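Start from the sequences, fold in the hints, and give me the full structure.
Top to bottom, those sequences are chains A and B.
In this text, residue positions in the first sequence follow our numbering: the first is 1220, and each later residue adds one.
In this text, residue positions in the second sequence follow our numbering: the first is 48, and each later residue adds one.
Keep in mind that the hints were calculated from the coordinates and are not lab data.
The model shown is predicted, which means the values in this text are computed figures rather than measured ones.
Incorrect hints may appear among the rest.
[Said to hold, decoys possible] Straight-line distance between alpha carbons at most 27 angstroms, and here's what the computed BS3-like set of lysine-lysine pairs gives:
#1 A:1633 - B:165
#2 A:1364 - B:162
#3 A:1633 - B:75
#4 B:88 - B:50
#5 B:138 - A:1633
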Amino acid sequence: METILRLFPRSGLIPKLWAANLAAIAIASMIGWFCSPWLHDTVLAPAGVSFAGDIAITTLLSMLTLIPLSLLIAWPFAHEELNWLRMAITEKEHDKDVIASKRIKQATLLMDIHLRLDAAIGSQLDEVVNDTDSSAIALILNVRKLHDDAATLLDYLGSSGSSAHDMEKEIEGSVASIVQISNFVQELPDMIREDVKTVQMAAIKEIDGLIGFIEVIKKISQQTNLLALNAAIEAARAGDAGRGFAVVAVEVRKLSDRSAQAAIMIEKGLLGAQRTMLEGLKLSPMDKQIADAGEIVGSIRELQKNYDDIRQYYKTLFVVVTEHNTNLATEIAEMLGHIQYQDVVRQRIERVASAMVLRNDLLMELPRRLGESQADLTELPTQMQMVLDEYLANEARHAPAATNVTGPADGLPKMELF
Amino acid sequence: MAKTILIVDDSATMVMSVKNNLEIAGFKVETAEDGAKALAKLKGGIKPDLIITDINMPNMGGMELIKNVRALPGFRFTPILTLTTESQADKREEGKKLGATGWLVKPVGGTDLLKIIKQVLPGA
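This is the structure in structure tokens:
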């Protein structure tokens, strides 16, 4: 009933049909009322039909009359209603087409936006991949430079250590020579002291001899002076004849004076030399030089010790820096390994992008097929499931990127030699 | 004398990463961005002591490269390591049958890579 009411929401056909039916019942009852005696008398009674059979046949005929009567009476009303119904159905079909068309258009628009969104996301992902690619390469180059700088530093330190070693060797050699000289200097005074004393004594003796000789010169000078004086007296006595001789006597006297003065000066110098010699022997001047030489030797040995310390420091420094450099090289190697994640992630994004293309191809089928009169969508979910299965299987073939630096991938060893 | 290693990968990041790692370790490194270019280099006279190749590459993939390299005179016993994101047993088996020496799954730590290289290149 509800279905019928839904079909004829505005027509009022149902009450009209009820009315027509009631009218038909009334007419049929009247026909039965008037025709049943005639039927009984003319047909049933002569045929020997019992009373019950008579009643049944009469009722049946009345009912049979009722149906065409009902249809006959209802037709004028039903005809109009059926026309209206036909129109309504046609209209509804038309509306359905319009709605379906609208929905297809909306679905197509939605898919178009969806594809554009996917394209935008894909573009962003491509950009991300390119950016990470560039960054990874820049990082690798920087890391390489870091390593090269560290290696250069190590070479420099090695070279410095070597230079320091060479320098220390040279200094060691020099120090040895200096120590040898110093020792010689230390021993030399002892060796020459006696010789110097001997020489000095000989010199003093010689000086003494010379001083004696000076005395002789002084006496000669005095005698010459006296002689010159006498000659001058005699020349004065001789008058003009002795005048020339007097000049010579004056000159001889001058010479005598100068000789005396020279002798005094020589004597003074020799006495000074003698005194110096004697004082020199008392003071032993080599002792101070020996002390100075000892200090120099001590300083040189201190310097040698300092260089030993420097060399040891360099050695230690070189060992420490070499160890750090080895660690640095290991860390750099590991870092370069980690950078490979960029490629792993890039490939994952590429696989996602491929799956998205397949998915979108299938989704684009949906509005297209909806537009068809005999749309069959049953295979689309199956095909979509295949896309999903293929994607998951493809992912399963690859190692999970973020979890296995050294561990096994999918139960298989990360590194395997056949 | 430094041993030569040929790296074959279409990813510049991968090539740079492995190349620098190996150069720092003292190896001489040659590179190619796919199997076809690698094969051309080998035919051109390069004689690496080891080949490290990716599997999924344009033009010529790693599997085909291994097959072609093994067919080249003088490369029958050259060690070939794959370095790939592929991890499944059937792929490994396929690589092994074609003549790969070992299977490495990306990413491989730098020191681990050097260790395995020293295993396939004794004295390196």
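Hint by hint, here is what the structure shows:
no., hint, result
1, A:1633 - B:165, "17 angstroms, holds"
2, A:1364 - B:162, "23 angstroms, holds"
3, A:1633 - B:75, "25 angstroms, holds"
4, B:88 - B:50, "17 angstroms, holds"
5, B:138 - A:1633, "14 angstroms, holds"
Hint compliance for this structure: every hint is met.
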